[in-house]
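Put chain A with the ligands on the given structure of chain E with help from the hints.
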Amino acid sequence: MKAFIPIPNGGPISRADIPHLPFDTFRTQALDIVKNGGKVVQFFAYEDGGTLKFLMVLRTHELVAAGCDAPETYPSLTSECEPFHLFEREMAEQYGIRPQGHPWLKMVRYHKNFRNKPDVFNNDYTQDIPGNYDYYQVAGDDIHEVAVGPVHAGVIEPGHFRFNCIGERVLHLEIQLGYQHRGVETLLQQVTPKRLPILAENMAGDTTIGHGLCMAQAVEALASVNVDDGAKIIRTIALELERLANHIGDLGALCMDVAFLPPANYFGRIRGDFLNLSLLLCGNRFGKGLVRPGGVRFDLNDEVRKTLNDRIEELKPQVEHVLELIFSASTVRARFEGCGRVSTEDAGHLGLVGPAGRASGLSYDVRRWFPTEWYGYLKVPENPKPSGNVYARALVRRDEVLQSLEMIQSLIDRPVTTRVVSGQMPALPPDSLSVTLNEAWRGEVSHALLTDDTGHILRYKVKDPSFHNWNGLAMALQDTGISDFPLNNKSFNLSYCGFDL
Amino acid sequence: MLSVLKNRFEQGYRTCNYPKEKPAVFPRYRGRPDINKDADPSVIQACADACPQDAIDVDKKRIDMGRCVFCGTCERVSEKKFVTFTRDFEIATSSRADLLTDGTLPDLARHSKQHFKKLFGRSLQLRQVSAGGCNACEADLNVLATPFFDLARFGINFVASPRHADAIVVTGPVSRNMKTALLQTYEAVPEPRVVIAVGSCAIMGGPFYGSPEVAPGLESILPVDLFIPGCPPHPLSNLHGLLRFFK
Ligand code: SF4
Ligand code: SF4
Numbered sequence: 000m001k002a003f004i005p006i007p008n009g010g011p012i013s014r015a016d017i018p019h020l021p022f023d024t025f026r027t028q029a030l031d032i033v034k035n036g037g038k039v040v041q042f043f044a045y046e047d048g049g050t051l052k053f054l055m056v057l058r059t060h061e062l063v064a065a066g067c068d069a070p071e072t073y074p075s076l077t078s079e080c081e082p083f084h085l086f087e088r089e090m091a092e093q094y095g096i097r098p099q100g101h102p103w104l105k106m107v108r109y110h111k112n113f114r115n116k117p118d119v120f121n122n123d124y125t126q127d128i129p130g131n132y133d134y135y136q137v138a139g140d141d142i143h144e145v146a147v148g149p150v151h152a153g154v155i156e157p158g159h160f161r162f163n164c165i166g167e168r169v170l171h172l173e174i175q176l177g178y179q180h181r182g183v184e185t186l187l188q189q190v191t192p193k194r195l196p197i198l199a200e201n202m203a204g205d206t207t208i209g210h211g212l213c214m215a216q217a218v219e220a221l222a223s224v225n226v227d228d229g230a231k232i233i234r235t236i237a238l239e240l241e242r243l244a245n246h247i248g249d250l251g252a253l254c255m256d257v258a259f260l261p262p263a264n265y266f267g268r269i270r271g272d273f274l275n276l277s278l279l280l281c282g283n284r285f286g287k288g289l290v291r292p293g294g295v296r297f298d299l300n301d302e303v304r305k306t307l308n309d310r311i312e313e314l315k316p317q318v319e320h321v322l323e324l325i326f327s328a329s330t331v332r333a334r335f336e337g338c339g340r341v342s343t344e345d346a347g348h349l350g351l352v353g354p355a356g357r358a359s360g361l362s363y364d365v366r367r368w369f370p371t372e373w374y375g376y377l378k379v380p381e382n383p384k385p386s387g388n389v390y391a392r393a394l395v396r397r398d399e400v401l402q403s404l405e406m407i408q409s410l411i412d413r414p415v416t417t418r419v420v421s422g423q424m425p426a427l428p429p430d431s432l433s434v435t436l437n438e439a440w441r442g443e444v445s446h447a448l449l450t451d452d453t454g455h456i457l458r459y460k461v462k463d464p465s466f467h468n469w470n471g472l473a474m475a476l477q478d479t480g481i482s483d484f485p486l487n488n489k490s491f492n493l494s495y496c497g498f499d500l
Numbered sequence: 000m001l002s003v004l005k006n007r008f009e010q011g012y013r014t015c016n017y018p019k020e021k022p023a024v025f026p027r028y029r030g031r032p033d034i035n036k037d038a039d040p041s042v043i044q045a046c047a048d049a050c051p052q053d054a055i056d057v058d059k060k061r062i063d064m065g066r067c068v069f070c071g072t073c074e075r076v077s078e079k080k081f082v083t084f085t086r087d088f089e090i091a092t093s094s095r096a097d098l099l100t101d102g103t104l105p106d107l108a109r110h111s112k113q114h115f116k117k118l119f120g121r122s123l124q125l126r127q128v129s130a131g132g133c134n135a136c137e138a139d140l141n142v143l144a145t146p147f148f149d150l151a152r153f154g155i156n157f158v159a160s161p162r163h164a165d166a167i168v169v170t171g172p173v174s175r176n177m178k179t180a181l182l183q184t185y186e187a188v189p190e191p192r193v194v195i196a197v198g199s200c201a202i203m204g205g206p207f208y209g210s211p212e213v214a215p216g217l218e219s220i221l222p223v224d225l226f227i228p229g230c231p232p233h234p235l236s237n238l239h240g241l242l243r244f245f246k
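Chains E and A are the protein sequences, given in the same order. For the record, in the first sequence the residue sitting at position 217 is 216 according to numbering that gives the first Met the number 0, with numbers rising by one throughout. For the record, in the second sequence the residue sitting at position 1 is 0 according to numbering that gives the first Met the number 0, with numbers rising by one throughout.
Next up, chain E with everything else stripped away, as it sits in the complex (with noise of 0.2 Å):
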């Protein structure tokens, strides 16, 4: 019996040479794989020359990959393991297909489909539908509900949040996304060339880098172009300067939220001071413009390089003493120990990917298993800290904040010279696909793009970490005082517009 095959992150794939499995063993074997410890990487639906096919990407110890007919109805995988819950809804919403006895089919993003097939949620799409949803309630005399959003208090991106509590406890925390939509699958798949990089670099601003480096590996994978290595270290020390920069973005954000302020503050201008080293780097204080098919646009020069060293020596010591008062005060301790506890087990189900997944006890990381870039030849330490609270969230930013600096100024006067891309596109060849993963900040970025066979792009699919973890929220959530929410929020701090696409 054929089964799923293994695929290289990042290569060119024939797409004849992945499996089409009748939808019965794609189903079983799926399953079989998922319940036995793999998890989903990418599942999704494309239109092929009038017919509907799923694609499935899984992860064991190596990317395993298959496809088949998408019947208009089928069975739904989730019913039987819920891993597939958020693919499955989202197949749904795109293309009008129903997973029977999915448990909780509701939609992602509120849009119609992409085929005029009636509508699986009954949505009019002609009137205003956000928010106009039947929520799950909770009943009993002292249960109240509370809305939260999608504009929230702060400056930051809209959701819907409806908590189901009993006094202070939270029993169950429902969230809905989708009001950043703006339809960038569908954009990808319809814009010239030129405008790709510009797509992916703005899926998500925070994860730029993350973004665009999967868009130009998937590139590069297909069109056979080469990257040099000078360009691999400098998309390398950008991918880590994001990281920093978010990271302590966040531990900052964490302390503002117990209220012990000084920290707040200095990680709030440090943060910026590495976004200011991104714009030392090309221009732009989120790496806009850096990463295009081909390598990158800006080159290390000796100027560059020294006040990148300098700066990030500069730094060091004030990142490392910031980060012992946050660590060493049993304050913050004490409110982030006890917070949000998402166990191994939970997160495992879940499909927790990056620092919230690590937080939890998962060790995943893609730099370690499917290293691109340069991380090959770079110790990335495994960072597993079983507790699975805000504390632990907090611990593993702190450790990958270190190694992260270290890194970097590993990497910085490494003499090597590098070809500055145009950001000319590449023709794609046809009837083919590749498919990318890199850790991001959050973690696990996927992009997978598949041509017809003219060597257009037939389907474009992005994967933003928050995909997986914003489940993983609710469950931290789950009984603890809804006073907590900011907090445990602010740890997971997940993607509305990556999610949203």
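Be careful, since some hints might not be right.
[What the hints assert, rightly or not] Below, a sample of chain E positions facing chain A; criterion: calculated Cβ distance under 7 Å: (1) Asp140; (2) Arg268; (3) Gly271; (4) Gly288; (5) Pro414; (6) Arg418.
If you are wondering where the hints come from, they were derived from the structure by calculation, not from laboratory data. Backbone N, C-alpha and C define an ideal beta-carbon position, used for all residues, glycine too.
Leaving out everything else, chain A with the ligands in the frame of chain E:
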């Protein structure tokens, strides 16, 4: 306690002097474009062809800074013969048309509305609405509260409720799913209210232009008083816009 004090000492005082002095930005920063009107038409055409945002008007030899995402492609394609990006971050305007530029911008202070200055010059409360986009605009608005920029020293704050606000600051291309929430927030701000569009998304859809899921710019929904271009605008661009328009 000792370590709190030690850190306080190490951190020192770090608030920038702007607007008294202009802080230096690293050389690769791309601010206001300088345009060479005498450039060869074929060079300008090549820039226009390469521009991912279709922001270059070949006939008028202008760049639409509202569409531009400051990717620098045109500067590179023209080998600086048509476009050179300067380090000038003072690029906000009070009219959309002024963003279509040959490199010169009107003095924002003179074009700002006097009655807004009188009303809000000493105290200005802003309510931000994030309406799509990529969240980098929000991030670079948020940093205005950090010690380096310290917006509060000018009497400007971001507030939680639109009812406490004088102005709304909109980022993002206004997704279809955020339009109602945006309008409701706007309605909740007492009059006279100011609308500020931050970033190329809010100005014209940004990288997402053409998607049926987003508006073709905030102006198609609300009257806009202040435009701050960029993708995202540098925090100093935001600071400049707010100070020059209201102070
Ligand atoms: S810098 Fe602006 S005008 Fe130039 S190519 Fe990029 S988007 Fe177009
Ligand atoms: S203008 Fe650019 S930075 Fe701002 S939200 Fe839009 S894509 Fe992001």
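Handout entry: Contradicted hints - numbers only
Key = 1, 5, 6
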